[in-house]
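Asks: Sequential numbering from 2 applies to the sequence shown in our numbering.
Derived from the structure by calculation, the hints contain no laboratory data.
Please note that the accuracy of each hint is not assured.
Stated by the list, open to error - Pairwise CB distance ranges, derived in the manner of DEER restraints: (1) 35 x 116: 45 to 51 Å; (2) 509 x 567: 17 to 23 Å; (3) 247 x 576: 28 to 34 Å; (4) 7 x 402: 16 to 22 Å; (5) 247 x 49: 53 to 59 Å; (6) 529 x 86: 46 to 52 Å; (7) 372 x 576: 33 to 39 Å; (8) 528 x 402: 41 to 47 Å.
Just so you know, even glycine gets a beta-carbon here, dropped at the ideal spot from N, CA and C.
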Amino acid sequence: MDKEKTPPLMVVAIDFGTTFSSWACSLRHEYEENPTKVHVRQWVGGDRISSKAPTTVLIRPDGKTLEAFGYEAEDRYAALVEEGGYKLWYYFQRFKMKIYNDSSLSRKTVIKDATGKPLPAMLVFSRTIQFMKEDFLKQFQRTLEGRIQDRDIQWILTVPAIWNEKAKQFMRQAAVTAGIRDEYLKISLEPEAASLFCNHCPMKKFVANGSETASISTFERGSKYLILDAGGGTADITIHEVIGNGKLKELHKASGGPWGGTKVDEAFQQFIVKLVGNRVFQRFSNETLEDLQEMLRSFEVKKREIYLNKDCQVILRIPISLIQLFEEESGNNLEECIRQHYSTSKMKLVNDKLKVDSFVMREFYKDTINSITSHVITIFDDERFADVKSIIMVGGFSECPLFQQAIQDCIPHKNSIIPLEPDLAVLKGAVIFGHNPEAVLERACRYTYGVAGAKKFIDGTHRQTFRKSCQFGELVNNVFVKIVECGQKIKFNDRQPEQILTMAQDEAEHVFSIYVSEKPSPMYITDEGCSLLGNVTISGLDRSVPLSQRKIAITLMVGGTEMEVEAREVHTGKTSKTVMDFLG
Numbered sequence: 002m003d004k005e006k007t008p009p010l011m012v013v014a015i016d017f018g019t020t021f022s023s024w025a026c027s028l029r030h031e032y033e034e035n036p037t038k039v040h041v042r043q044w045v046g047g048d049r050i051s052s053k054a055p056t057t058v059l060i061r062p063d064g065k066t067l068e069a070f071g072y073e074a075e076d077r078y079a080a081l082v083e084e085g086g087y088k089l090w091y092y093f094q095r096f097k098m099k100i101y102n103d104s105s106l107s108r109k110t111v112i113k114d115a116t117g118k119p120l121p122a123m124l125v126f127s128r129t130i131q132f133m134k135e136d137f138l139k140q141f142q143r144t145l146e147g148r149i150q151d152r153d154i155q156w157i158l159t160v161p162a163i164w165n166e167k168a169k170q171f172m173r174q175a176a177v178t179a180g181i182r183d184e185y186l187k188i189s190l191e192p193e194a195a196s197l198f199c200n201h202c203p204m205k206k207f208v209a210n211g212s213e214t215a216s217i218s219t220f221e222r223g224s225k226y227l228i229l230d231a232g233g234g235t236a237d238i239t240i241h242e243v244i245g246n247g248k249l250k251e252l253h254k255a256s257g258g259p260w261g262g263t264k265v266d267e268a269f270q271q272f273i274v275k276l277v278g279n280r281v282f283q284r285f286s287n288e289t290l291e292d293l294q295e296m297l298r299s300f301e302v303k304k305r306e307i308y309l310n311k312d313c314q315v316i317l318r319i320p321i322s323l324i325q326l327f328e329e330e331s332g333n334n335l336e337e338c339i340r341q342h343y344s345t346s347k348m349k350l351v352n353d354k355l356k357v358d359s360f361v362m363r364e365f366y367k368d369t370i371n372s373i374t375s376h377v378i379t380i381f382d383d384e385r386f387a388d389v390k391s392i393i394m395v396g397g398f399s400e401c402p403l404f405q406q407a408i409q410d411c412i413p414h415k416n417s418i419i420p421l422e423p424d425l426a427v428l429k430g431a432v433i434f435g436h437n438p439e440a441v442l443e444r445a446c447r448y449t450y451g452v453a454g455a456k457k458f459i460d461g462t463h464r465q466t467f468r469k470s471c472q473f474g475e476l477v478n479n480v481f482v483k484i485v486e487c488g489q490k491i492k493f494n495d496r497q498p499e500q501i502l503t504m505a506q507d508e509a510e511h512v513f514s515i516y517v518s519e520k521p522s523p524m525y526i527t528d529e530g531c532s533l534l535g536n537v538t539i540s541g542l543d544r545s546v547p548l549s550q551r552k553i554a555i556t557l558m559v560g561g562t563e564m565e566v567e568a569r570e571v572h573t574g575k576t577s578k579t580v581m582d583f584l585g
């Protein structure tokens with residue numbers, strides 16, 4: 002079955018988030034009837050039912066077997082802590098960001114669990130994806146039995162658009178290790194997926210500026226909008242133009258940073274630590290983990306309800322166990338201590354209810370919101386985007402009214418629009434992408450890509466340290482031979498101009514390196530901002546031709562969600578097999 006030409010009968014998307022994860026699916030006929038008709042997994046956590054579960058895994062003491070995922074992992078680990086047998090188990094929370102911007106990321110990268118015990122990151126990620134895969138198959142086993150084979154399913158894995166090729170390859174390798182065949186897997190960029198979902202949604206499924214119905218013109222052919230995907234770990238930002246028929250074009254390269262909702266959670270936790278002291282909080286975390294988890298779950302709901310200009314008191318539930326530990330450790334009454342240090346209008350404790358002024362709460366969001374709004378303002382300072390009329394806000398953090406208002410206030414002349422389920426836009430959009438992977442017709446390249454080369458040495462222009470004498474004369478080595486430039490518009494499946502490599506040794510395979518830079522025109526591969534992305538191995542080369550005549554033409558394709566490389570032997574025209582390795 003040719004996966005590139007034959008539409009899959011079913012698409013299953015895994016949204017591997019920093020804070021929450023889930024999977025969703027749809028059959029081909031459902032997509033053709035209504036692209037937004039997507040089945041989303043429902044998870045149970047305590048008395049809550051949600052479309053996503055915490056990205057939390059519990060691994061057995063053997064360091065290999067996944068015991069539980071999501072809410073179940075949280076509850077099982079809390080019980081182990083209470084019983085005192087938790088120290089041999091591995092407990093990982095919010096671990097996705099550990100591979101963000103890690104220049105040394107490899108297959109051997111190690112991450113540490115909640116108690117500092119190390120495991121290979123590849124194992125933790127692959128076990129999580131494997132759980133998602135098996136959970137889907139278990140849920141749909143009766144429905145699919147006899148009707149759909151493995152080859153009929155297109156798997157989609159989401160990643161932030163601001164991730165580099167190393168991180169993308171890491172996630173692909175983790176999925177393959179989890180049992181998803183490489184040829185049936187595609188990587189979907191999160192803001193693109195959300196944008197595709199929004200393009201297929203009816204206007205009644207949106208609100209503008211928090212209240213009014215969104216304008217139909219937002220998704221008309223030729224309209225342009227900034228897509229802001231604010232999730233738990235990152236803010237992914239880009240600009241799209243609507244081409245029509247569900248097709249898009251990227252106008253601004255994906256950008257953003259580690260500005261997600263988890264930063265707000267961290268600020269809240271530091272607030273509690275400051276309130277009760279570090280020693281008390283450590284005991285609370287170690288002895289009553291279940292209560293800590295319930296407090297954080299409660300805050301997760303509360304943090305999406307804060308407004309910018311609404312002066313009121315927010316009620317936060319403080320576990321009785323934390324209050325008792327404070328009094329046991331300090332000999333003081335927590336309610337009385339708060340009364341002595343804060344005016345009752347700012348903060349007061351009544352039983353297990355901490356009543357906090359909304360101004361205090363808004364401080365938790367300050368750094369994250371400032372980082373995002375500053376970045377959005379910088380993008381709109383570029384006159385090329387003056388005709389971009391709207392901001393589409395998606396991701397779980399975009400549910401927060403405080404964040405919505407901050408975006409509207411920082412760019413008051415733009416229309417901010419939010420789908421009714423912003424936290425599911427990426428997941429549902431990833432399913433749509435799986436049915437139509439060519440929906441984004443053109444992308445803006447995030448980096449400048451090139452290879453190391455040599456050129457004629459020019460005295461006064463080139464570095465003497467890179468000068469080399471050879472049979473061809475005086476050359477300069479370590480030159481950054483640019484193949485594609487950052488910001489350059491690349492059409493889907495576009496092939497970049499070939500670069501010719503010469504063979505230095507008589508071998509059946511040849512290895513060359515790909516370098517990247519965030520600058521448009523680096524001169525040398527050693528320039529500041531340049532780095533080695535990885536190596537490409539070309540195998541099966543014809544050795545019957547004299548070495549002096551052997552040349553390889555390489556072509557980079559960077560218009561999709563992942564880089565591809567092709568190699569062709571110039572003297573025969575034969576295409577050779579290439580293997581990219583960005584993980585070492």
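Asks: Using the Cβ atoms, figure out if residue 35 sits within 45 to 51 Å of residue 116.
Replies: holds, 47 Å
Asks: How does the Cβ-Cβ distance of residue 529 and residue 86 compare with 46 to 52 Å: does it lie in that range?
Replies: Since the Cβ atoms of residue 529 and residue 86 sit about 51 Å apart, the hinted range of 46 to 52 Å holds.
Asks: Okay, residue 509 versus residue 567 on CB: inside 17 to 23 Å?
Replies: For residue 509 and residue 567 the Cβ distance comes to about 18 Å; the hint holds.
Asks: Does 28 to 34 Å hold as the CB distance between residue 247 and residue 576, or does it fail?
Replies: At roughly 32 Å between Cβ atoms, residue 576 and residue 247 fall inside 28 to 34 Å, so the hint holds.
Asks: Holds or violated: the 53 to 59 Å window for the beta-carbon distance between residue 247 and residue 49?
Replies: Roughly 34 Å apart at Cβ, these two residues miss the hinted range, so it is violated.
Asks: Within 41 to 47 Å: is that where the Cβ-Cβ distance between residue 528 and residue 402 falls?
Replies: holds, 45 Å
Asks: Please check whether residue 7 and residue 402 have a Cβ separation lying inside 16 to 22 Å.
Replies: With Cβ atoms ~45 Å apart, the hint is violated.
Asks: May I ask you to test the hint 33 to 39 Å on the CB atoms belonging to residue 372 and residue 576?
Replies: violated, 45 Å
The structure fails hints 4, 5, 7 (numbered hints given earlier, in ascending order).
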